[in-house]
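Based on the hints, put chain B in the right spot on chain A.
So you can see what is in the structure, the chains are spelled out below.
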Amino acid sequence: MSRSHALLAGLGLVLGFTLSSAGFSDWVEMHRMFTFGLEEGGPSAGSLRLMLAFAGAVAVSTAGFRLLARRDAIPPRPLTRATVPGALLFGAGWALCGTCPAAVLVQVGEGKVAALVILAGMLGGLRLHRAARRAFGWRSGSCEGSPARGGSPARRSGSGGLPEALVEEA
Amino acid sequence: MPWWIAAAALGAVTVGHWLALRRPLGVSGILGRFAAFREERERERGAAAARSDGAALEALLAATAEAALAGDLGAAGPAPSGGGSGRLPAPLPPLSAQGAFLAALVAGGLLARALAGGPSLEAGVPGPLAARLGEGGALLALLGGGALVGFGSAACGGCTAGHGLTGCARLSPGSLVATAAFFGAAIATSLLLGRIS
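Going line by line, the protein sequences match chains A and B.
The opening residue of the first sequence carries number 1 in the numbering used here; numbering runs sequentially from there.
The opening residue of the second sequence carries number 1 in the numbering used here; numbering runs sequentially from there.
These are calculated hints, taken from the structure and not from any lab test.
From the three backbone atoms N, C-alpha and C, an ideal C-beta is built for every residue, glycine too.
Please note that a few of the clues may not be correct.
Claimed, not checked - Some, not all, of what chain A presents toward chain B, calculated at C-beta under 7 Å:
#	residue
1	22
2	123
3	129
4	134
5	136
Unchecked claim - To spell it out: a stretch of chain B is covered by chain A in this simulated footprint if at least three of its residues, at any positions, have a beta carbon under 8 Å from a beta carbon of chain A; those stretches are:
#	segment
6	49 to 55
7	92 to 104
8	113 to 126
9	129 to 135
10	151 to 162
Chain A extracted, bound-state conformation (with noise of 0.2 Å):
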């Protein structure tokens, strides 16, 4: 047990806890925020809650990072390619299945037996991404563990196929 696996751990404590409290790990509040309650007569507080628990947590974090820390240190996060269609399936699959890959996990913990279907086809279409990767030589835009990054030059140069055919690393 090192220093990261502590505060790794603590991280993952709280940040599970507030996704469960607050109600991002129910599809019918999820629902509710993505159709801003309009299926029930329109907006309302009840309604728009998490869309400002979620805007509320990027402004606190915008001001954090402001005080805190030094801005261009943080790893910027490139625009590629792959980003808006990548990000167009993220959100229609999120909509379908109503949970983010952190909150299918709290949901597991809470009990919700359907939620290990939800894990199945999560990390089913990380394994895709991963072998269609592989297969057609995208290079990844990934920040957490992207083999591509320190990877072996055999996995790097893929095996033919399409060559950066979507994504590049800037």
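Coordinates of chain B only, in the frame set by chain A:
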């Protein structure tokens, strides 16, 4: 939980993650490593072996330099090693630490449920989804939706945590575009889903 407490807590986690670990918060990337667990574990072991090889080489160089100095040969000595890159982000945390993070997310959900009147096992799919698509259709939507989330987040390089919180707060162009795109797609999909009845 009131929205503003959630906002403060999520912001604190986002900024705290960077300050504590010098790594941007991201969940989909970690999940991606666990989706290919064996491969990632092999890679980590390989990297550890390379590091210890490097350390051995460094020790050898230092010993050689010392010997050279002792022999008054005036050797230039080995190149300075390590350090000095304080502004670069830290290396990837070990898989086990990232696993602890995922386990803590599960524990967070369990804790919240326990404090709100005890944990309960919920079988079944979300009601409104089942009402529109049927039980089987709803399960398929959950599985397919999850797959889209997995593939899409890997393709666009982040998820709601990495792009939505960290990236937007850092004003990364890629994250602002990605967040606008995934929120737009989610809103459109939800409104379309509402038309099915």
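| Any hints this thing doesn't respect? Which numbers, in order? | Hints 4, 5, 6, 9 contradicted; others consistent.
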